[in-house]
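Residues in the sequence shown are numbered from 729 upward in steps of one, following my numbering.
Don't take every hint at face value.
[Stated by the list, open to error] The list that follows gives simulated cross-link-like pairs (lysine to aspartate or glutamate, DMTMM-like), each with its CA atoms no further than 20 angstroms apart:
id: 1; residue 1: K1039; residue 2: D882
id: 2; residue 1: K1034; residue 2: D1110
id: 3; residue 1: K1034; residue 2: E1052
id: 4; residue 1: K821; residue 2: E859
[Claimed, not checked] So the derived label-pair ranges between C-beta atoms look like this:
id: 5; residue 1: R773; residue 2: T828; range: 21 to 31 angstroms
id: 6; residue 1: E777; residue 2: R1123; range: 29 to 39 angstroms
id: 7; residue 1: C1127; residue 2: C1019; range: 45 to 55 angstroms
id: 8; residue 1: T783; residue 2: C1019; range: 41 to 51 angstroms
id: 9; residue 1: V846; residue 2: A816; range: 38 to 48 angstroms
It should be emphasised that the hints constitute simulated quantities derived from the structure, not laboratory data.
All C-beta atoms in this analysis are idealised placements derived from N, C-alpha and C, irrespective of residue type, glycine included.
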Amino acid sequence: MRFADYEMEKAVLGCMIADRSVIPNIVRAVSEADFSVPFNRELFRKIIEISGRGTQLDVITLNAETGNKDPAYVASITDTVPSGANFAFYCEKVKRLSMTRALYKLLEESRKATPETVDQVLGNLIASAAEIAEEGGGDDVKTARDFILPMIEDIEYAAKHRRALSGYDTGFENINQITSGLQNEYIVIGARASVGKTALGMNMTRALAQQGIPTAYFSLEMSSKALLMRMVSDLSAVQAGALKGGFISTEQVTKICNKMYDMAEYKIYPVDNTRGRFDKILSMSRYMVRCLGVKVIFIDHASLMKYRDRKIQRHEQFSEMSNELQNLQRELDVPIILLAQLGRDSEGRRPTLADLRESGGFEQDADQVWLMFRERAKEATDTNIPTEVNIAKNRNGACGTANLLFQPHFVRFVDKADKRYEGGER
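Can you make the complete structure from the sequences, with help from the hints?
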């Protein structure tokens, strides 16, 4: 077989037989799948089973456990190494060869891609390549002690800095008080049309960028340029309409340009070229997290995502996509915030989790669900419109309602009790 070293595999097995004390370390360094020869895989498994029972581990026992398939081969294993001293070297060789075989198999499978399946194949390629790389790291098994000590440090830090957040600062104190910031979780934000989902998402993106946190924003509805123009209005406190129409003074132009120079340094990755293709969103998310260091992902919004299987019902597509986003969040270990538009049935009342439940698996899969509500503005001149963000579900924390004010002319939200930005720049 290509990229296999049978003698190295025998050496690993020989170390396990020669010195049972190294078996736990070997099990952490290689797995059964890393052996290229089926009989070697069986021997590896049987040695672990025999050792676990506390039975005498020798050639006779091993032959009995394997049905005396090849006594001569089993006997030759014990002659391969005198002791288990060099197990780490042998394991490293076996693992690297296994990774090489897996990578070549992955590349062969990618050659089957077609224009219709390229996004899905690319996503699988990135995910599988990352798994192969992680496998090479070893030490997957950890004891409680490995987790407890860092947890103690987290608790001591939190006690010392009482106002410190366990997640990323959202830019809204009223939300932070409930959620302790954006956690590494799958978060769904639901609202009716025109309530401000995109504005809230972009406001948080701006707040994260100002903290130096790389953030990706998938926009399935608006262009990247339009999104960034909203941020310019937010930062400079120049009305969005005035920016579009050019009704700005020379002084404002200077202020706006200065803000835009600041924005140019932000690590924001606006993406508007997916055409809603779900597989492309997945593959680009993996790429940006692993290659660009992105720490937070926004997807705006759920209704415009296009699933690969168009034959199943739309609510089933939503359920499948939600489940895959949940798995992606676990895989990448970053906050993934999905904006979702609620149906017209929620018009005129505060939305509930049931409104989201009808759209598929979003409510069930999400770690947190935020539901936005505000009364329709009675006057077009309203500058501070009360808006509620109800943290209706929080799997690992508190629920509650954060009160914000929506400033439509600047396309931004502020905390209701926060007077700093009422009509002013950020």
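Right, here's what the structure says about each hint:
1. A hinted pair counts as satisfied when its Cα atoms are at most 20 angstroms apart, and K1039 with D882 does not qualify at roughly 48 angstroms.
2. Between K1034 and D1110 the CA atoms are separated by roughly 37 angstroms; this puts the pair beyond 20 angstroms, and the hint is violated.
3. With a CA separation close to 13 angstroms, the supplied pair K1034 and E1052 stays within the 20 angstroms bound.
4. Of the pairs offered as hints, the one joining K821 and E859 holds, with about 18 angstroms between alpha carbons and a cut-off of 20 angstroms not exceeded.
5. A C-beta distance of roughly 23 angstroms is found between R773 and T828, which places it inside the suggested range of 21 to 31 angstroms.
6. The hinted range of 29 to 39 angstroms is satisfied by E777 and R1123, whose Cβ atoms lie roughly 38 angstroms apart.
7. Taking 45 to 55 angstroms as the suggested C-beta distance range, the pair C1127 and C1019 does not conform, at roughly 36 angstroms.
8. Distance hint for T783 and C1019: a CB-CB separation of about 48 angstroms, consistent with the stated range 41 to 51 angstroms.
9. Distance hint check: the CB atoms of V846 and A816 are about 41 angstroms apart, consistent with the given range 38 to 48 angstroms.
In the structure shown, a violation is registered for the earlier hints numbered 1, 2, 7, in ascending order.
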